[in-house]
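So the protein sequences, as listed, match chains V and E.
If you read the first sequence in this note's numbering, its first letter stands for residue 1, the second for the next number, and so on.
If you read the second sequence in this note's numbering, its first letter stands for residue 1001, the second for the next number, and so on.
Honestly, the hints are just simulated from the structure, not real lab data.
Each residue gets a CB set at the ideal place from its N, CA and C atoms; glycine is no exception.
Some hints here could point you the wrong way.
When the alpha-carbon atoms are kept at most 16 Å apart in a straight line, the in silico EDC-like pairs for lysine to aspartate or glutamate are as follows [claimed, not checked]: (1) E:Lys1173 - E:Asp1186; (2) E:Lys1240 - V:Asp120; (3) E:Lys1324 - E:Asp1273; (4) E:Lys1324 - E:Glu1299; (5) E:Lys1144 - E:Asp1362; (6) V:Lys112 - E:Glu1272; (7) E:Lys1324 - E:Glu1283; (8) V:Lys65 - E:Glu1272; (9) V:Lys119 - V:Glu130; (10) E:Lys1336 - E:Glu1299; (11) V:Lys65 - E:Asp1273; (12) E:Lys1240 - V:Glu108; (13) V:Lys102 - V:Asp24; (14) E:Lys1006 - E:Asp1273; (15) V:Lys112 - E:Asp1273; (16) E:Lys1006 - E:Glu1174; (17) V:Lys84 - V:Asp67; (18) E:Lys1336 - E:Asp1358; (19) V:Lys39 - V:Asp120; (20) E:Lys1173 - E:Asp1184; (21) V:Lys119 - E:Asp1273; (22) V:Lys65 - V:Asp120; (23) E:Lys1240 - V:Asp109; (24) E:Lys1144 - E:Glu1035; (25) V:Lys119 - E:Glu1272; (26) E:Lys1144 - E:Asp1358; (27) E:Lys1324 - E:Glu1035.
Examples of chain V residues lying across from chain E (beta carbon under 10 Å, computed) [to be verified]: (28) Thr69; (29) Arg80; (30) Val81; (31) Gly89; (32) Val91; (33) Ile92; (34) Asp109; (35) Lys112; (36) Trp113; (37) Gly115; (38) Lys119.
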Amino acid sequence: MLKIFLAAAIVTGTALLPAVASADPARDAILAGYLTQAKAEDPAFTDFSAERGQAFYLATQTGGKPDTTACQACHGADPRVAGKNVKTGKVIEPMAVSANPKRFTVAEDIEKWFGRNCKDVLGRACTAAEKGDYVTFLVSQ
Amino acid sequence: MTHRIKVWDLPTRVFHWGLVALVAAGTITGLVTQEWWMGVHILAGYGVVALIVFRFIWGFLGSQYSRFEHFTFGPREIGEHLREILFLHPRRHIGHNPAGAAMIFVLGCLLVAITATGIVVLGGEEKQGPLASVVGYLLGSGAKEWHGTLVYLLLALVAGHVVGVIAESRLLKENLVLSMITGDKDLPDDLPRPTVPARPVAAAGVLLAVVGITAAGVVALYTLAPIRSPATAHNVAYDKECGACHYAFHPSLMPARKWASLLADLSNHFGEDASLPPTVVNEISAWLAANSGEHWDTEAANWFLEEDPSEPLRITATDNWRAKHAEIGAEVFARKSIGGRVNCAACHTDFASGQFDDQAIDIPEE
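Bound-form chain V, shown alone:
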């Protein structure tokens, strides 16, 4: 009986894990805000995609600075482990919400970093759709 209960608990717990990782009211509100913005920017936009976010995270970009041609230049190919600022060697805590639950919970901080880093990597500001995809990808990780 106990074994069955434990197994059930583990299965339920595992199934709930991704949901638990993203379950932060502040983060949900931030994502909702980006969704509204994305729809305003492009009326055809429906919803964010973790796959698009992953591709964006890993892609090599042009238009930015030579040292920082991708998100992963500093954040690392695996967002679940710590990255390192490519210029200063400063360790950057993991981007994946599963590894770092504080991620994407303070709107000003997110905007500060998108503001700086999109300029460095892409040479332009990111769209709301790109931001939302990026966050959705890292919430799923």
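Chain V is already provided as a structure; the job is to place chain E on it using the hints.
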């Protein structure tokens, strides 16, 4: 006929060879090896102090030939002995001969001066040791000149001592070095035998009292508040915002005027956009102004306060930073775990405190 006597008692021999080892260790770690041997250097210095204190007590309570009264000679006797050596016929002395005795007092005084200036440097420059809260940086760095000069004088005298021992051993056909190891000398029967025994218990009692008084004094010194060390060593906004992209530099590492210039244009922060909301900039500016290099007495703070005509805002571009790191090759900074000159914390394990102790340097191999 000859008889064997114990000229040098065990404590005197241990003192002599212990001093040889510690002076060698102190000299090598002070003049030859890299900075991070400073911990060994300091230990060697404290060891020398302990030996000198012991030897001073033993000079009154040791066995006959270890006592100062048996090797205190006047200038005339010393001159006479040197003249005898010059004519290659020195008279034999059972204990220290007059020239050797004079050398011992000079060496002893020199070692006192060297360790004393060393402790002043340690307290003033490095903000370590018993005088950390007593001696200011300027006095400490001044004492460093003396500390070094006296060591060269010591080395010259040590060379003289060794030459003297060899010369005298040859002229008198006796092995003085072996005597300092075994403590024994074989003497003709007509020479007097030693009559004054050591008083080890009394010596131990005096030593214990000296150690007790010193310990109490040192404890009292350690409880004193450090010289010029602001209480507000951390600021949450500074640590969060500035410490996000690079390890947050200690506020003592730049003078206030440079911090102000730096904060005035965060949108172009060495080519990066590090702009922050005005309220945050104001908070960080005020904190940096109150904790800038002028407010600290540490070596690093004083080092970076020095005028540099080109006034670079990049710490690693200052003349003093370059001078300090001149021996570190570019390939070291390029190592994976370091990643660049800006990453002080990669090698300076006490980076966050602004102390930058020599012995806290640990350069990663990869």
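Results for each hint:
1. Proposed proximity of Lys1173 (chain E) and Asp1186 (chain E) is supported: the alpha carbons are some 12 Å apart, at most 16 Å.
2. For the hint pairing Lys1240 (chain E) with Asp120 (chain V), the CA-to-CA distance comes to about 20 Å; that exceeds 16 Å, so the pair is violated.
3. For a cut-off of 16 Å, the pair hint linking Lys1324 (chain E) to Asp1273 (chain E) is broken: about 30 Å separates their Cα positions.
4. Using a Cα cut-off of 16 Å, the hinted pair Lys1324 (chain E) and Glu1299 (chain E) holds, with the two alpha carbons roughly 12 Å apart.
5. The suggested pairing of Lys1144 (chain E) with Asp1362 (chain E) is violated, with an alpha-carbon distance near 24 Å, which exceeds 16 Å.
6. With a CA separation close to 13 Å, the supplied pair Lys112 (chain V) and Glu1272 (chain E) stays within the 16 Å bound.
7. Between Lys1324 (chain E) and Glu1283 (chain E) the alpha-carbon distance is near 32 Å, which puts this suggested pair outside the 16 Å criterion.
8. Straight-line distance between C-alpha atoms of Lys65 (chain V) and Glu1272 (chain E) comes to about 10 Å, which keeps the hinted pair within the 16 Å bound.
9. Distance check on the hinted pair: Lys119 (chain V) and Glu130 (chain V) sit about 13 Å apart at the alpha-carbon level, within 16 Å; holds.
10. With a C-alpha separation of about 29 Å, the suggested pair Lys1336 (chain E) and Glu1299 (chain E) falls outside the 16 Å cut-off, and the hint is violated.
11. Distance check on the hinted pair: Lys65 (chain V) and Asp1273 (chain E) sit about 12 Å apart at the alpha-carbon level, within 16 Å; holds.
12. The hinted pair formed by Lys1240 (chain E) and Glu108 (chain V) meets the criterion: a straight-line CA distance of about 13 Å does not exceed 16 Å.
13. At roughly 9 Å between alpha-carbon atoms, Lys102 (chain V) and Asp24 (chain V) fall within 16 Å of each other, so this suggested pair holds.
14. Between the alpha carbons of Lys1006 (chain E) and Asp1273 (chain E) the distance comes to roughly 79 Å, so the proposed pair goes past 16 Å and is violated.
15. Restraint check for Lys112 (chain V) and Asp1273 (chain E): satisfied, since their Cα atoms lie roughly 10 Å apart, inside the 16 Å limit.
16. Restraint check for Lys1006 (chain E) and Glu1174 (chain E): the C-alpha separation of about 15 Å stays at or below 16 Å, so the hint holds.
17. Between Lys84 (chain V) and Asp67 (chain V), the direct Cα distance comes to roughly 13 Å. Compliance with the 16 Å bound is thereby established for this hinted pair.
18. Restraint check: the Cα-Cα separation between Lys1336 (chain E) and Asp1358 (chain E) comes to about 23 Å, which exceeds 16 Å; the hinted pair is violated.
19. Between Lys39 (chain V) and Asp120 (chain V), the direct Cα distance comes to roughly 25 Å. Violation of the 16 Å bound is thereby established for this hinted pair.
20. Under the criterion of a C-alpha separation no larger than 16 Å, the hint pairing Lys1173 (chain E) with Asp1184 (chain E) is consistent with the structure, at around 15 Å.
21. Only pairs whose Cα atoms come within 16 Å are accepted, and Lys119 (chain V) paired with Asp1273 (chain E) is accepted, the gap being roughly 9 Å.
22. For the hint pairing Lys65 (chain V) with Asp120 (chain V), the CA-to-CA distance comes to about 5 Å; that is within 16 Å, so the pair holds.
23. Taken as a hint, the Lys1240 (chain E) and Asp109 (chain V) pair is honoured in the structure, with Cα atoms around 11 Å apart against an allowance of 16 Å.
24. A hinted pair counts as satisfied when its Cα atoms are at most 16 Å apart, and Lys1144 (chain E) with Glu1035 (chain E) qualifies at roughly 15 Å.
25. In summary, the hint linking Lys119 (chain V) to Glu1272 (chain E) is supported, as the alpha carbons are separated by about 10 Å, within the 16 Å threshold.
26. Restraint check for Lys1144 (chain E) and Asp1358 (chain E): the C-alpha separation of about 15 Å stays at or below 16 Å, so the hint holds.
27. For a cut-off of 16 Å, the pair hint linking Lys1324 (chain E) to Glu1035 (chain E) stands: about 11 Å separates their Cα positions.
28. The beta carbon of Thr69 (chain V) comes no nearer than 15 Å to any beta carbon in chain E, farther than 10 Å, and the hint placing it at the interface is violated.
29. Interface hint status for Arg80 (chain V): violated, as the beta-carbon distance to the closest one in chain E is roughly 20 Å, over 10 Å.
30. Residue-level restraint check for Val81 (chain V) is violated (minimum Cβ-Cβ distance to chain E is 15 Å; threshold 10 Å).
31. The beta carbon of Gly89 (chain V) comes within 3 Å of a beta carbon in chain E, closer than 10 Å, and the hint placing it at the interface holds.
32. Proximity of Val91 (chain V) to chain E holds as hinted, the smallest CB-CB distance being about 9 Å (cut-off 10 Å).
33. With a least beta-carbon distance of about 8 Å to chain E, the hint placing Ile92 (chain V) at the interface is held under the 10 Å criterion.
34. Here the hint on Asp109 (chain V) is kept, as its CB sits about 9 Å from the closest CB of chain E, short of 10 Å.
35. Checking Lys112 (chain V) against chain E: minimum C-beta separation of about 8 Å stays under 10 Å; hint holds.
36. Hint on Trp113 (chain V) holds. Least Cβ distance to chain E is approximately 8 Å, under the 10 Å limit.
37. Satisfaction of the interface hint for Gly115 (chain V) is found here, the shortest Cβ-Cβ separation to chain E being roughly 8 Å, below the 10 Å cut-off.
38. Nearest Cβ of chain E to the Cβ of Lys119 (chain V): about 6 Å, under the 10 Å cut. The hint holds.
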